[in-house]
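There are 2 protein chains.
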Amino acid sequence: MPRVFIARLAEAIAAKGSPVCVGLDPVLERLPQAVRNASGTPAAAIESFSLGVLEAAAPVAPAVKIQSACFERYGSAGYAAMERVASRARELGLMVIYDAKRGDIGISARHYAEAAKNLGADAITASPYLGPETIEPYLEVALGVFVLVRTSNPGSAPVQTPALMDGRGVAHHIARIVSRLGQDHRDDALGLSGVGAVVGATQSSEGAALRAVMPDQVFLIPGFGAQGGTADDIRAMLRPDRTGAADAGVLVTASRSIIYPNPDSGVEPKKQVQNETAGDWQKAIAAAAERMRDEIAAAVTPERV
Amino acid sequence: MPRVFIARLAEAIAAKGSPVCVGLDPVLERLPQAVRNASGTPAAAIESFSLGVLEAAAPVAPAVKIQSACFERYGSAGYAAMERVASRARELGLMVIYDAKRGDIGISARHYAEAAKNLGADAITASPYLGPETIEPYLEVALGVFVLVRTSNPGSAPVQTPALMDGRGVAHHIARIVSRLGQDHRDDALGLSGVGAVVGATQSSEGAALRAVMPDQVFLIPGFGAQGGTADDIRAMLRPDRTGAADAGVLVTASRSIIYPNPDSGVEPKKQVQNETAGDWQKAIAAAAERMRDEIAAAVTPERV
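Protein sequence lines, in the order shown, are assigned to chains F and Z.
The numbering of the first sequence is the numbering used here, which starts it at 6 and goes up by one.
The numbering of the second sequence is the numbering used here, which starts it at 6 and goes up by one.
Okay, chain F solo, but in the shape it has when bound (with noise of 0.2 Å):
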């Protein structure tokens, strides 16, 4: 079940060489002009954009991860493209993370595991503050499942960072209960468990101790790039007894830094795409994509003795 997610997860990271997934969190107002003039409707304009991302990212990452705020924003048109986007993705190979960061109880839960194994995930992200069944629902359809531990926003701390009487902070607890969660789920050739974690690129400070709290979890690791996560930060979130980046633990995940490529100096977003054509921006995507993949591999590589 989840052990079957993980061990394609792996087999997929292995065949791209690079533990990097592609965060699809499509924006109006920052497509490409090309293809907003080309799209009747905001949902239809998305759409095209995504599909356009997965085919210059697909031969590059192993994974991508659907914004769901950024579809549902329009609807049931905007729903409907979602599905055709995830279906478009796993056509492509792609490993499907619906980041939808769900987090319900009973029956609830079961139907947005049923949601979410519809759209075609594979995984999904989810909030544990429900407690862990709100999580098990998820694994029963055989979803790998990504528990939000420690978020790379600013703002978290307040809820996460407060100590126990223990002295351990909230995430840490959190991510006790994951840990516990996972061991049902594990692939022991891996040492990998279906049930995973996200943790902040930002949060590198934390990152050691909490993967000595969580050895078999994957982390996917939002924060890179544009919000300011750099290699050095996910080097101390691996698995210290890794042999490459299959089984390094780490999904690493960037949205604009690569779906934005331009860079972003000051001049109007609008502005800087609009005489692009659509090879052009699809060009540049596939280029930041390469840069992290390489990044990335040179960080999760372990050095040679």
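Hints are supplied without guarantee of correctness; some may be wrong.
[Said to hold, decoys possible] Derived lysine to aspartate or glutamate pairs resembling DMTMM-like cross-links, with alpha carbons at most 25 Å apart: (1) F/Lys122 / F/Glu138; (2) Z/Lys122 / Z/Asp189; (3) Z/Lys122 / F/Glu34; (4) Z/Lys122 / F/Glu88; (5) F/Lys288 / F/Glu60; (6) F/Lys288 / F/Glu308; (7) Z/Lys122 / Z/Glu34; (8) F/Lys288 / F/Glu300; (9) Z/Lys122 / Z/Asp192; (10) Z/Lys288 / Z/Glu96; (11) F/Lys122 / Z/Glu88; (12) F/Lys122 / Z/Glu34.
Everything labelled a hint here was simulated from the structure, so no lab data went into it.
Once you've looked at the hints, dock chain Z against the given chain F.
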């Protein structure tokens, strides 16, 4: 802003004389046979049922809570059904609480807020794990927010109850954050804020303590009825200085006990309802909502001296 939400909610509660919120969690297998027979697809069946529930409950309930998972489970077709159901709820004068338990940051949170607005929601439920900045985007578009503080499911304890260094539990800490966040969105005449809290009916032992921390919050209270919460449990969570149902600071939600009102006698649910006609099941729902209204009204009305 969210002040408008809280004023409208209080007005709706005063008009109906009771803070009953119908939880619309339609599950295909539990729908009346008449509805299933008449509907071509699962999404059409839950839509038809939901519209019938709204009609039956509107004379009694000031608000409806729409469980997003039950609609998302059927993909874009389910989402489109949810759009029509929310639209109909507004036509019937019901306040619409979008029970989506969303929790994201930055542009994603803003997109979730837009999605809720597009749906015609008056308020949304939200998870606090990513910090206050995950709540603010909803307030910025004038949505009310009910933040998950202490939930009714037994499995929430490992996350919500561990004590911080000051001896208070995690939920208590979140309550303080919610209370602070709510100060800028307070209707002074009512003494209530547009930032509310989800506090389960089954957590009444903590209810009074949470009320002390969150004097201005409307408690959205799930767990009444099928999950075991009673009118006595509600009483512990009322605002002490209330003058009536409208400023009692609670919105009590029940789902299964209202929308599937047949006594759960161990009989297979399908069997219970197969002989019902459309008129029958709607009458049973209206009666169940009235019973709940009367139970809750007695509990929230201040004792006469």
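We went through each hint and held it up to the structure:
Only pairs whose Cα atoms come within 25 Å are accepted, and F/Lys122 paired with F/Glu138 is accepted, the gap being roughly 18 Å. The hinted pair formed by Z/Lys122 and Z/Asp189 meets the criterion: a straight-line CA distance of about 21 Å does not exceed 25 Å. Among the hinted pairs, Z/Lys122 with F/Glu34 is consistent with the structure: their alpha-carbon atoms are about 19 Å apart, no more than 25 Å. The straight-line distance between the Cα atoms of Z/Lys122 and F/Glu88 is roughly 22 Å, inside the 25 Å bound, and the hint therefore holds.
Taken as a hint, the F/Lys288 and F/Glu60 pair is honoured in the structure, with Cα atoms around 10 Å apart against an allowance of 25 Å. This hinted pair does not check out: F/Lys288 and F/Glu308 have alpha carbons roughly 32 Å apart, beyond 25 Å. Note on Z/Lys122 and Z/Glu34: the hinted pairing is violated, with a Cα-Cα distance of about 30 Å set against a maximum of 25 Å. Under the criterion of a C-alpha separation no larger than 25 Å, the hint pairing F/Lys288 with F/Glu300 is consistent with the structure, at around 18 Å.
Under the criterion of a C-alpha separation no larger than 25 Å, the hint pairing Z/Lys122 with Z/Asp192 is consistent with the structure, at around 21 Å. Annotation: proposed proximity of Z/Lys288 to Z/Glu96 holds, straight-line Cα distance about 20 Å (limit 25 Å). Only pairs whose Cα atoms come within 25 Å are accepted, and F/Lys122 paired with Z/Glu88 is accepted, the gap being roughly 22 Å. The hinted pair formed by F/Lys122 and Z/Glu34 meets the criterion: a straight-line CA distance of about 19 Å does not exceed 25 Å.
Of the numbered hints stated above, those contradicted by the structure are hints 6 and 7, listed in ascending order.
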